[in-house]
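> The chain contents come next:
Protein chains: 2
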Amino acid sequence: MRNLTLLTDLYELTMMQGYFKTVNNRTVIFDAFHRNNPCGGGYAIACGLDQVIDYINNLHFTDDDIAYLSSLNLFDNDFLDYLKNFHFTGDIYAIPEGTLIFPREPIVKVIAPIIEAQLVETAILNIINHQSLIATKAARVCYAAKGDGIMEFGLRRAQGPDAGIYGARAAVIAGCVGTSNVLTGQMFDVPVKGTHAHSWIMSFPDEYTAFKTYADLYPNACILLVDTYDTLRSGVPNAIRVFKEMREAGIELKGYGIRLDSGDLAYFSKKARKMLDDAGFEDAIISASSDLDEYLIDSLKTQGAAITSWGVGTNLITAKDNPAFGGVYKLAAVMGDDGKFIPKIKLSENSEKITNPGNKTVYRVYDTDGMLKADLIALTDETYDENEPLLLFDPIETWKKTLLQPGEYTLREIIVPVFKNGECVYTTPPVMDIQKYCKHELATLWDESKRLINPQEVHVDLSKKLYDCKQELLNTYSTPHIH
Amino acid sequence: MRNLTLLTDLYELTMMQGYFKTVNNRTVIFDAFHRNNPCGGGYAIACGLDQVIDYINNLHFTDDDIAYLSSLNLFDNDFLDYLKNFHFTGDIYAIPEGTLIFPREPIVKVIAPIIEAQLVETAILNIINHQSLIATKAARVCYAAKGDGIMEFGLRRAQGPDAGIYGARAAVIAGCVGTSNVLTGQMFDVPVKGTHAHSWIMSFPDEYTAFKTYADLYPNACILLVDTYDTLRSGVPNAIRVFKEMREAGIELKGYGIRLDSGDLAYFSKKARKMLDDAGFEDAIISASSDLDEYLIDSLKTQGAAITSWGVGTNLITAKDNPAFGGVYKLAAVMGDDGKFIPKIKLSENSEKITNPGNKTVYRVYDTDGMLKADLIALTDETYDENEPLLLFDPIETWKKTLLQPGEYTLREIIVPVFKNGECVYTTPPVMDIQKYCKHELATLWDESKRLINPQEVHVDLSKKLYDCKQELLNTYSTPHIH
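Chains as they are written, first to last, in the numbering used here: chain H, 1 to 483; chain S, 1 to 483.
Any given hint could be a false lead.
Using 27 Å as the maximum straight-line C-alpha spacing, the simulated DSSO-like pairs for lysine-lysine come out as follows [to be verified]: (1) S:270 x H:346; (2) S:320 x H:270; (3) S:21 x H:346; (4) S:244 x H:21; (5) S:244 x H:353; (6) S:212 x H:346; (7) H:254 x S:21; (8) H:21 x S:254; (9) H:146 x H:353; (10) H:212 x S:346.
Because the hints were derived from the structure by calculation, they are not lab data.
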């Protein structure tokens with residue numbers, strides 16, 4: 001396991017020394033949350049917790065790390081000595097991977113002495129921001145494909161090895177049927193797929209020989225790339241010739257077909273479909289790649305393109321139209337001398353950027369059909385009972401209220417314990433199980449909130465107690481200059 | 001060193017088995033190159049070669065790797081046995097890191113048996129695409145700052161750990177004065193910087209106490225974050241109070257100042273400058289962060305913002321407006337039975353996507369002032385002599401010609417050997433030396449080609465011999481359907 005302890009911003013370490021030196025090492029609560037769903041969408045998918053767990057479990061400063069920090073001439077020996085025995089002793093709560101998440105919900109909540117909680121900020125954000133971004137993008141792409149299989153194959157355009165490895169993991173969690181990335185396949189036991197590239201075709205004297213050779217080698221996974229020279233005049237006819245020869249040789253044709261990788265995919269796919277059908281290959285798959293994303297797939301579907309399998313690279317693995325998730329990590333409470341948490345708030349001229357104070361959890365509210373009705377951010381010391389009426393109100397436009405009667409709703413707390421006193425108490429399910437769970441999660445969301453453009457916003461309400469706490473703090477801080 | 005051997009697309013492995021089984025393992029030449037400069041710019045910066053070298057040096061299939069591949073039921077034992085002893089035996093040539101590059105120039109050229117050259121495609125592209133992208137973006141941001149220092153601090157928004165680690169490396173190579181990323185600092189001996197976050201301020205009873213405590217701890221690097229509560233009414237006055245107390249205590253104030261992280265940076269910086277100056281702190285630094293990129297920095301400069309130090313996060317580390325470099329890896333030649341390379345070409349309906357065939361190198365042509373005049377892609381068996389006239393012509397609009405007389409130009413071959421027969425023959429300079437080299441590289445480029453929007457294109461010409469070779473192949477392949 002890689003030691004990522006120094007994968008942090010220098011200021012975390014200078015602040016740590018500050019907390020250490022001033023004995024201001026109170027237990028605090030930090031929340032990691034996002035403020036906007038990527039790509040203008042109606043939801044996001046939590047992802048990356050498994051790697052956060054690895055990171056926390058492996059958190060320690062090696063002798064080399066200490067020597068390096070010492071060389072910076074910023075840190076005193078007493079602090080460096082403290083780091084030698086550093087490990088995480090706090091609690092972490094999180095929303096499990098594959099879960100739908102909405103803005104301002106704590107995806108990860110860290111309760112720990114501030115010196116520890118501060119260190120882990122950067123890596124937690126790095127990991128959660130990346131994987132939640134790619135999972136969300138992948139869910140959008142899969143949604144556009146309306147049940148067709150989406151293959152992730154963006155490794156070569158990913159932003160470095162980890163972006164490829166963990167991006168592919170996130171893509172599979174959110175619904176991709178597989179990835180081209182062999183290392184991801186090995187690490188997470190997810191399906192890997194792929195056939196051949198243009199270079200295969202070009203390394204043979206002609207396209208037919210290349211196809212024929214490939215078909216002999218892989219008769220059970222024979223998807224031929226038909227656009228190296230001329231898709232409709234050379235590629236598809238040569239593919240049909242090879243399929244015919246396979247049929248004549250008595251080979252059972254299954255999982256076979258063609259891949260289009262350039263040109264007008266609507267036109268080429270319809271023409272190719274007709275050519276394949278006319279030759280008696282009605283079950284030949286037509287797959288496509290070539291700068292695809294959710295918008296292009298949606299458009300091709302609308303145009304009646306005869307494509308049922310999609311390979312998506314660059315635009316998915318980089319979330320090209322929105323390549324940062326924007327998750328932040330904000331102080332929500334500081335423990336007072338009496339052992340009780342004092343809620344804290346971060347102000348901003350932009351009221352959307354004002355944080356929610358206190359020790360919080362999130363309830364998901366479902367209607368009687370099991371569809372997601374709203375989310376409710378509450379304080380952990382509140383209790384909810386499905387046998388009582390539930391009042392929901394909008395935290396900005398507070399006059400917008402809904403009263404749910406018993407029987408009209410169910411509640412699910414979506415935050416779970418992950419670390420207790422520095423010990424991991426959570427086991428990440430296998431990736432393919434998370435994929436199944438995520439599929440179920442997405443099924444609880446109305447299409448109106450899943451559509452690609454201008455989706456219906458899911459309500460994320462605050463409990464009355466949390467709302468009042470926030471208002472009180474806002475009033476206290478409204479004259480900050482007199483402090 | 002991490003074993004990234006399986007960091008490849010599955011199809012590379014299925015093709016490898018195909019080459020292995022059909023004894024079609026000829027020596028070939030592949031070129032990695034890009035087709036468009038990122039962000040609509042006039043240039044790109046080559047970066048990532050050092051990690052490509054590590055990857056190639058460490059290329060081997062472990063027993064676990066073999067067992068995993070075997071479990072896929074795609075590969076036969078004879079091929080898996082071959083992989084057990086696999087290592088790279090070929091040659092690699094590349095354009096060194098920090099060098100200006102332009103579309104269609106081979107950044108990396110691999111000459112190896114196709115079974116080896118095919119495997120390394122994905123990882124080489126992944127690494128070079130990522131780092132060249134971030135280096136290019138960083139060069140643009142530094143250009144906009146007109147000599148002010150740019151700090152990279154995007155780790156928390158980078159697409160995974162590697163994107164943060166190697167993105168910061170690329171950013172420093174292209175001119176950033178430092179990074180917040182401690183691990184990058186440790187791995188590559190580059191400056192790390194940073195002070196404190198809003199959480200530092202919020203963990204104290206009030207802003208003044210937080211500032212004062214920080215100043216006591218770090219009197220030599222006292223940059224105070226002033227926007228937690230109210231920048232002009234609370235943050236700047238409290239910072240001035242602390243600076244005054246430091247002055248009164250006889251502390252020499254150096255490298256001190258404030259950081260703005262929200263609000264209208266032009267307005268706040270001018271107001272803060274006046275407040276600091278009026279209090280006698282004319283040398284206090286005003287640094288700024290908050291969703292900056294090259295366009296915003298350029299605009300703030302134009303508006304006369306009183307900022308001289310910039311922290312750039314998300315937009316740089318993800319190259320947000322253009323998060324993929326788009327480099328490709330294309331077959332350029334296959335060795336014939338006579339031991340000579342047969343040039344290969346990849347056709348496309350888009351003539352910009354047609355590849356350049358053959359075994360190529362790149363010459364940079366300078367004028368007598370040492371400024372970059374044009375690049376010339378030539379075949380390696382051509383020789384050039386600065387004592388002879390040099391004819392340059394545009395490969396698309398061939399009537400556009402320039403004849404340079406001896407004394408009017410100098411030539412520099414920018415591709416260097418990196419591996420010979422599988423042995424590394426190149427030593428990567430320290431990152432800060434590459435930064436110096438890159439600065440010199442950028443100084444050879446006219447401002448007209450460096451400007452952010454609508455830059456003058458640098459001419460990349462083909463030698464007459466390469467041009468003729470390409471035309472001949474195009475004519476051969478113009479009737480591909482009869483093959």
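> So which of those numbered hints doesn't the model satisfy?
Violated: hints 2, 3, 5, 9.
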